[in-house]
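Visitor: Each chain, letter by letter, is given below.
Protein chains: 2
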Amino acid sequence: MSGVGNWWVNGEPAESVSILDRGFTYADGLFETVAVRDGKPRFLDYHLERLSDGCRRLAIPYPAGVTDELCSIAAGCRFGTAKIILTRGAGARGYAPPEKLASTRVIGLIAAQPPARLAYEAGVAVRFCDTKVSANSTLAGMKTLARLEQVMARAEWQDAHISEGLMCSDDGLVICGTMTNLFFVANGRLCTSDVSRCGVSGVMRRVVMEQAGECGLECIEVDIDRQDLYQVKEIFLTNSLIGIWPVRQLQDTGLEIGSITRRLMAKLVAIGVTECAI
Amino acid sequence: MSGVGNWWVNGEPAESVSILDRGFTYADGLFETVAVRDGKPRFLDYHLERLSDGCRRLAIPYPAGVTDELCSIAAGCRFGTAKIILTRGAGARGYAPPEKLASTRVIGLIAAQPPARLAYEAGVAVRFCDTKVSANSTLAGMKTLARLEQVMARAEWQDAHISEGLMCSDDGLVICGTMTNLFFVANGRLCTSDVSRCGVSGVMRRVVMEQAGECGLECIEVDIDRQDLYQVKEIFLTNSLIGIWPVRQLQDTGLEIGSITRRLMAKLVAIGVTECAI
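Residue numbers (this note's numbering), protein chains in the order written: chain A, 1 to 278; chain B, 1001 to 1278.
Accuracy of the hints is not assured; some may be wrong.
Straight-line distance between alpha carbons at most 35 Å, and here's what the computed DSBU-like set of lysine-lysine pairs gives [claimed, not checked]: (1) A/K143 <-> A/K267; (2) A/K83 <-> B/K1100; (3) A/K143 <-> B/K1143; (4) A/K100 <-> B/K1083; (5) B/K1100 <-> A/K40; (6) A/K83 <-> B/K1083.
The set of hints was computed from the structure by calculation and includes no laboratory data.
Note that the structure is a prediction, hence the values are computed from the model and not measured.
Bound conformation, chain A alone (with noise of 0.2 Å):
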């Protein structure tokens, strides 16, 4: 199995946790993906910002020590991925988290290639889902281990052609793509979906509506149906790993590459998300 990566379990190097973790039997935590560049994790302060802030919100003790175990382990690594997932540690069975529980730390580094050059000069085409986001205020904007619903909307194609798919919640609002949130252009404004019913508050989303500020635009949170996106006139995507992709095919719908996009995109690599560079 490639890409399978190193991993640590609360400090110590292992492969498995235990049945009895409550990350696998309720999907009770949260995790993050960081990408690794030349030996650093990148915008680690923001994604421990985002874990902090989810584990406030869950109630799950924030450990301590977190920042140093990544860059030590992101350390010698060029290019990569390391995650880190947090849950509320084992117990028994029941819904009720225990009063006495230590949570379980994983970490992980993952070695990864760059996204290919072509997503970012030519821009990727895009799908939608018919698995819908889950709605509900309660968990949104975190990054929980609850992802059966990006799994399910990623294994509606396998056709290599198309890089990502957009999901809409049961009301018919655009919220995401499976792996990343969503921006685009209307009447002139930089906007991206809502993502306080639905959807995840991504680390990219967060650095991107910041550049654009930096550059005088600003970026407005709306809701927006499926028919409304196909009047805009940019459509891009953010991730942490990938930074910006520009949209040129929406379902059958072909876009340009347009002047904001590529301002952003420069933005960015202006701060070391090299990726972005065209």
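With chain A's structure known, arrange chain B on it following the hints.
Guide: Chain B in isolation, oriented as in the chain A frame:
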């Protein structure tokens, strides 16, 4: 740690699963919680029907021999709980399900005590939870490993006098308890919350609907909002381990244990859910 039980992974005694198991990384799997009474798994056919239906919907191969394995494990256990966890298996990072993957089958048996008599004789007190249940028509009805919202809802109270918490969808419909399905009598008709957009299609819910039919009582699946639930005549909760719990108190409002509830409890006793005898 009490209530841990004995566990088997793919037929072998085991205490752990791979860090790469997609059940752990993505909640990419299903589970069943089965009452074991006098050496036999109760309503096993219904549990395995829901499990195989879920496998079909998720495209996870349904493993051979589960029935035999469960019956063999349950033999000799007078009163306990069997748990079956079925995941897509261990694979490299990424939501896309690898083409060839061997699913992981985890089975456990945990000794248990019968629920307190008082819950049946006097009824239980329930509260409303703030934590929402996710709306997602793609996943609704299945008992997936994504149970974080149930964990968060159950963590909302520690008062031992409250037996269960009711969960609503983001749009305000009352869907279920954290570990139970909801029934009530409104306008003289037996009703249960619709679970086609949210919630789990419980095995005991199915049994009760069938037993109602045998009594000549039609049971309808309806939408009900929180305020309207205070207007109903009888409320009861169901799951595989408890049978029926009559509700005697909803927040601060008292309820009588009604005649329809009592009749259905008696019907359950007659088919082997002896916990419900009052």
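Visitor: For each hint, tell me whether it holds in the structure or not.
Guide: Here is how each hint holds up against the structure:
Between A/K143 and A/K267 the CA atoms are separated by roughly 26 Å; this keeps the pair inside 35 Å, and the hint holds. A threshold of 35 Å between alpha carbons decides the hint, and for A/K83 with B/K1100 the separation of about 24 Å falls inside it, so the pair holds. The hinted pair formed by A/K143 and B/K1143 meets the criterion: a straight-line CA distance of about 21 Å does not exceed 35 Å. Taking the CA atoms of A/K100 and B/K1083, the gap is near 24 Å; set against the 35 Å cutoff, the hint holds.
In summary, the hint linking B/K1100 to A/K40 is supported, as the alpha carbons are separated by about 34 Å, within the 35 Å threshold. Proposed proximity of A/K83 and B/K1083 is supported: the alpha carbons are some 29 Å apart, at most 35 Å.
Against the hints set out earlier in the document, no violation occurs for any number.
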